[in-house]
Amino acid sequence: MSIYFGADYYPEHWPEERWEKDAQLMEEIGLNVVRMAEFSWAKMEPRLGEFNFEWLDRALDILGEHGVRAVLGTPTPTPPAWIVEQTPEIFPIDKDGRVRGFGGRHHDCQSNPVYRAHIRRFVTAMAEHFKDNPNVIGWQIDNELGTGHQDTCMCDSCRKRFQEWLEKKYGTIEELNRAWGTCFWSQDYNSFSQIYTPKITFTGENPSAMLDWRRFTSDLVVEFQQFQIDIIRSICPNQFITHNFMGFADNVSYYDLAKSLNFVCHDQYPGGFFAQMPHQPNAQLAATLDLMRSVKHRTYWIMEQQAGITGWQVMGRAPQPGQLAMWAQQSIAHGADCIVFFRWRTCAVGTEQYWHGILPHSGRPGRRYNELRAMISAMQPVMEKIQGSVPKCEVGIVYSYDQEWAMTIQPHHPDLHYIGQVVKYYRALYDCNIPVDFLSGEEDFSPYKLIIAPLQYILTPEQAEKYRAYVKNGGHLVMTMRTGVKDATNLCMTESELPGLLSDVLGIEIPEYDCLQGLNGRVRFEDGGEYDVEKWSDMIELHGAQSIADYAKEFYAGTPAVTCNAFGSGRAYYVGSEPSDELMDRLCGLFVEGSGVASLGETPEGVEITHRHVEASNEDIIFVINHNEAPAEVSIPSGWDPVLAEEGSIMKPFEVRIYSRKA
Numbered sequence: 001m002s003i004y005f006g007a008d009y010y011p012e013h014w015p016e017e018r019w020e021k022d023a024q025l026m027e028e029i030g031l032n033v034v035r036m037a038e039f040s041w042a043k044m045e046p047r048l049g050e051f052n053f054e055w056l057d058r059a060l061d062i063l064g065e066h067g068v069r070a071v072l073g074t075p076t077p078t079p080p081a082w083i084v085e086q087t088p089e090i091f092p093i094d095k096d097g098r099v100r101g102f103g104g105r106h107h108d109c110q111s112n113p114v115y116r117a118h119i120r121r122f123v124t125a126m127a128e129h130f131k132d133n134p135n136v137i138g139w140q141i142d143n144e145l146g147t148g149h150q151d152t153c154m155c156d157s158c159r160k161r162f163q164e165w166l167e168k169k170y171g172t173i174e175e176l177n178r179a180w181g182t183c184f185w186s187q188d189y190n191s192f193s194q195i196y197t198p199k200i201t202f203t204g205e206n207p208s209a210m211l212d213w214r215r216f217t218s219d220l221v222v223e224f225q226q227f228q229i230d231i232i233r234s235i236c237p238n239q240f241i242t243h244n245f246m247g248f249a250d251n252v253s254y255y256d257l258a259k260s261l262n263f264v265c266h267d268q269y270p271g272g273f274f275a276q277m278p279h280q281p282n283a284q285l286a287a288t289l290d291l292m293r294s295v296k297h298r299t300y301w302i303m304e305q306q307a308g309i310t311g312w313q314v315m316g317r318a319p320q321p322g323q324l325a326m327w328a329q330q331s332i333a334h335g336a337d338c339i340v341f342f343r344w345r346t347c348a349v350g351t352e353q354y355w356h357g358i359l360p361h362s363g364r365p366g367r368r369y370n371e372l373r374a375m376i377s378a379m380q381p382v383m384e385k386i387q388g389s390v391p392k393c394e395v396g397i398v399y400s401y402d403q404e405w406a407m408t409i410q411p412h413h414p415d416l417h418y419i420g421q422v423v424k425y426y427r428a429l430y431d432c433n434i435p436v437d438f439l440s441g442e443e444d445f446s447p448y449k450l451i452i453a454p455l456q457y458i459l460t461p462e463q464a465e466k467y468r469a470y471v472k473n474g475g476h477l478v479m480t481m482r483t484g485v486k487d488a489t490n491l492c493m494t495e496s497e498l499p500g501l502l503s504d505v506l507g508i509e510i511p512e513y514d515c516l517q518g519l520n521g522r523v524r525f526e527d528g529g530e531y532d533v534e535k536w537s538d539m540i541e542l543h544g545a546q547s548i549a550d551y552a553k554e555f556y557a558g559t560p561a562v563t564c565n566a567f568g569s570g571r572a573y574y575v576g577s578e579p580s581d582e583l584m585d586r587l588c589g590l591f592v593e594g595s596g597v598a599s600l601g602e603t604p605e606g607v608e609i610t611h612r613h614v615e616a617s618n619e620d621i622i623f624v625i626n627h628n629e630a631p632a633e634v635s636i637p638s639g640w641d642p643v644l645a646e647e648g649s650i651m652k653p654f655e656v657r658i659y660s661r662k663a
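For the sequence shown, position 440 (counting from the first letter as 1) is numbered 440 according to this note's numbering, and the numbering increases by one without interruption.
Hints listed in this document are in silico derivations from the structure and should not be mistaken for laboratory results. Just so we're clear, the structure is a prediction, and the values are computed from it rather than from any experiment. Take these hints with a grain of salt, some might be off.
In silico lysine-lysine, DSSO-like type, Cα no more than 27 Å apart, as pairs [said to hold, decoys possible]:
1. K472 / K392
2. K296 / K385
3. K160 / K43
4. K385 / K652
Distance windows between CB atoms, simulated [as the list claims (entries may be wrong)]:
5. S234 / S186: 47 to 53 Å
6. P414 / F274: 43 to 49 Å
7. W82 / Q380: 26 to 32 Å
8. G596 / F274: 37 to 43 Å
9. G648 / A374: 34 to 40 Å
10. V349 / Q226: 32 to 38 Å
11. R47 / W312: 26 to 32 Å
12. P414 / C492: 40 to 46 Å
Even glycine gets a Cβ: it sits at the ideal position worked out from N, Cα and C.
Let's have the full structure, built from the sequences with the hints guiding it.
Printed below as a string of structure tokens:
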């Protein structure tokens, strides 16, 4: 059975006599999968050892009669009140030492052995009960791991686990003292037992200790997931296991979290109430989707795709006619093999009363239902054709959790953000309709004509050698300000001027730099073109490289700001400041032309082109997406055969056209 479209369904929120009607409407709209039960522990075990799975059996039977299968979530983000009453020590402790209590979700310490024992008992019982149910096709572990604990838990259990993690990593306390630079401010430790979780200090924090804490908490989340995977996989070997990620959320390394999963899922909310603007920029949406594809370099599911207004205490904008369908098709265009809409019906109770679903509170089908039904009907044959296919990308952007964590600890400029830098470079390529893979840094670079590695703040000898070999063998590499500053333990390099280990590859040295607080810088090209830069300026000395653009302001005016160095058979570029969007576009054109990277075509602003490459037929399935509220004129190249496309060059607002061409 092919699974293409579904919804997140909570039958426990509605009278049982309604379930049949829901299943009928799901069948009519074209859904054939639901996710269920990820928050239903109290319903399934109202008291210790008293399991009640029968209601879920009945719901699964009704759905199955209408061709709808289920992914079951382990309900470990919501331990019931009877557990926390008996064992309040499982409550998490925040950075300020406060106990986070009952009444929300993720009110648990993931390292606590008592809570782990409850999980083992319950998840084992749940897996045993549903292992042979033909309507259950897979499992989701917990929900959005890493996003529920914004501070991460800092209780005594986590302190003990942190100490054990550090002892395993460093071996001796003397080595930890060296790696953390504890000679500063009399922070030396005599034993691992003296180390605390990093609760709020009177002033300042040790950046090396903070980076190891971020690494530890990421590893703890990965281990927490693996704990449940091992239980389910031993009992349910024929059902897949997945988890729903959250784009650029950074409390856990998604590269690590993805390794043991059959495939990853993602939650996509383009019109989230949490966005600073009514709708997130299109490039940011595309970037999150490409990151999800890249963590395993394969297709993924959307486990929560926006289906209406988002909202908890406050609400986002109402999606305009056509937007919900367009957003779902954008997810498919970037590699989603299945779209599960959140949620089926808008809930009448609890925190998410205003997180709107396909159906409104009344349960009556309306505009959203009809829009998605039309889209699902049209996309079914396309989904069948493209299953398992991914883009062929000539550009890779290095995205590193270590860099994100280290730059968050010490951002230098209050508005300098690692993820913002990554997306800035991505946006310039996106606007040129150039497909991109994200890379952890461990992958093979050789398939890519162009590698962009923003803010390589932490640089190890092994990483430097990989970049060196890539350029030497003909690759084109772009590096940026704050490259090569720190070693793996977050201590400053002292052996040479920046960029340290890569000075020869880049052909430069940086003896000084300037933090641009309260002002913008300016750079000038030989042709007289001038552009703003912001946040930072590296003062660059040429040692073999050539200057592409010089600073035009401040006491270092006339010195290089952007450089290019021939090294081996390739080229290495260095951008010494944060470019304005206009400068970023010019530099992107330079990098793309120099490396021979191909675009999928030119489009007006707000119109995106991306593709998925089908190996079996050696063809590209091309998606042209108009994100604009107004019509847009798009020139369709000859040789693009319509798969799902109207005639003419004028695209309606939020229209998506699909074409094929031989690769």
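A quick look at each hint next to the structure:
no.: 1; hint: K472 / K392; result: 23 Å, holds
no.: 2; hint: K296 / K385; result: 21 Å, holds
no.: 3; hint: K160 / K43; result: 33 Å, violated
no.: 4; hint: K385 / K652; result: 25 Å, holds
no.: 5; hint: S234 / S186: 47 to 53 Å; result: 49 Å, holds
no.: 6; hint: P414 / F274: 43 to 49 Å; result: 21 Å, violated
no.: 7; hint: W82 / Q380: 26 to 32 Å; result: 45 Å, violated
no.: 8; hint: G596 / F274: 37 to 43 Å; result: 40 Å, holds
no.: 9; hint: G648 / A374: 34 to 40 Å; result: 20 Å, violated
no.: 10; hint: V349 / Q226: 32 to 38 Å; result: 34 Å, holds
no.: 11; hint: R47 / W312: 26 to 32 Å; result: 30 Å, holds
no.: 12; hint: P414 / C492: 40 to 46 Å; result: 20 Å, violated
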